[in-house]
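*Asks:* Below are the chains, spelled out letter by letter.
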Amino acid sequence: GENVEQHPSTLSVQEGDSAVIKCTYSDSASNYFPWYKQELGKGPQLIIDIRSNVGEKKDQRIAVTLNKTAKHFSLHITETQPEDSAVYFCAASIGYSTLTFGKGTMLLVSP
Amino acid sequence: GAVVSQHPSWVICKSGTSVKIECRSLDFQATTMFWYRQFPKQSLMLMATSNEGSKATYEQGVEKDKFLINHASLTLSTLTVTSAHPEDSSFYICSAREPRDSYEQYFGPGTRLTVT
Numbered sequence: 616g617e618n619v620e621q622h623p624s625t626l627s628v629q630e631g632d633s634a635v636i637k638c639t640y641s642d643s644a645s646n647y648f649p650w651y652k653q654e655l656g657k658g659p660q661l662i663i664d665i666r667s668n669v670g671e672k673k674d675q676r677i678a679v680t681l682n683k684t685a686k687h688f689s690l691h692i693t694e695t696q697p698e699d700s701a702v703y704f705c706a707a708s709i710g711y712s713t714l715t716f717g718k719g720t721m722l723l724v725s726p
Numbered sequence: 000g001a002v003v004s005q006h007p008s009w010v011i012c013k014s015g016t017s018v019k020i021e022c023r024s025l026d027f028q029a030t031t032m033f034w035y036r037q038f039p040k041q042s043l044m045l046m047a048t049s050n051e052g053s054k055a056t057y058e059q060g061v062e063k064d065k066f067l068i069n070h071a072s073l074t075l076s077t078l079t080v081t082s083a084h085p086e087d088s089s090f091y092i093c094s095a096r097e098p099r100d101s102y103e104q105y106f107g108p109g110t111r112l113t114v115t
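Protein chains in written order, with the working numbering: chain A, 616 to 726; chain B, 0 to 115.
Everything labelled a hint here was simulated from the structure, so no lab data went into it. One should not assume that every hint holds.
Claimed, not checked - In silico lysine-lysine, DSS-like type, Cα no more than 25 Å apart, as pairs: (1) A:K683 x A:K637; (2) A:K718 x A:K673; (3) A:K718 x A:K652; (4) B:K54 x A:K672; (5) A:K652 x B:K40; (6) B:K40 x B:K54; (7) A:K637 x B:K65; (8) A:K637 x A:K686; (9) A:K718 x B:K40; (10) B:K13 x A:K657; (11) A:K652 x B:K65; (12) A:K637 x A:K652; (13) A:K673 x A:K637.
Could you build the full structure based on these sequences and the hints that come with them?
*Replies:* Shown next as structure tokens:
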């Protein structure tokens, strides 16, 4: 089955800096890659996603890039703010199949 | 749009009792709903996939007789933890997917279950 590796497990940045979280997947048939933000005690919130027919997608301060050849995708957050502090999960799926999640990255943004 | 709710948000029960958790899609119809379990500082573990009007598909290692899932309508799925034990204490989260051509899953806020 699919395996998703996520790095780093913890990321500390200063407010205003950029943050990058990377994920790799094992199944070349995977074609959907969402990113979720989870705050303490809450459910995951979909923040951005990308399909395999696109190499990059951007939404304000958040962007996701996908390299199908290398089977990795990354989340980029620019101009980080303290409210960006949370756990971020990447995931992968083949179409409508179930999502396989990475282990998560705790992002800490210091003021 | 795409709002999913869960009830209750937290519950404490005694060992041996059963607990029901509801998951509702508030502004869309969900043909498919998913139930996850999450331990502290860990990732989400898929327990089962439920499709409206049919039996749930459980992941390997998940006891179907212990975690009863019912998806009776396009907006409601329930998870019943039967004969709960302390090791069942966890954060249970549901998600729902719209029936249109969409891969997105929208998650509920989660239910914290504590079994004493």
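*Asks:* Run every hint past the structure and note whether it holds.
*Replies:* A quick look at each hint next to the structure:
In summary, the hint linking A:K683 to A:K637 is supported, as the alpha carbons are separated by about 13 Å, within the 25 Å threshold. Under the criterion of a C-alpha separation no larger than 25 Å, the hint pairing A:K718 with A:K673 is consistent with the structure, at around 23 Å. Restraint check for A:K718 and A:K652: the C-alpha separation of about 13 Å stays at or below 25 Å, so the hint holds. This hinted pair does not check out: B:K54 and A:K672 have alpha carbons roughly 37 Å apart, beyond 25 Å.
At roughly 14 Å between alpha-carbon atoms, A:K652 and B:K40 fall within 25 Å of each other, so this suggested pair holds. Simply put, B:K40 and B:K54 have alpha-carbon atoms about 31 Å apart, too far for the 25 Å limit, and the pair is violated. For the hint pairing A:K637 with B:K65, the CA-to-CA distance comes to about 37 Å; that exceeds 25 Å, so the pair is violated. Between A:K637 and A:K686 the alpha-carbon distance is near 11 Å, which keeps this suggested pair within the 25 Å criterion.
Our distance criterion of 25 Å between C-alpha atoms is met by A:K718 and B:K40, whose separation comes to about 9 Å. The suggested pairing of B:K13 with A:K657 holds, with an alpha-carbon distance near 24 Å, which does not exceed 25 Å. The suggested pairing of A:K652 with B:K65 is violated, with an alpha-carbon distance near 30 Å, which exceeds 25 Å. Restraint check: the Cα-Cα separation between A:K637 and A:K652 comes to about 14 Å, which is no more than 25 Å; the hinted pair holds.
A threshold of 25 Å between alpha carbons decides the hint, and for A:K673 with A:K637 the separation of about 16 Å falls inside it, so the pair holds.
The structure fails hints 4, 6, 7 and 11 (numbered hints given earlier, in ascending order).
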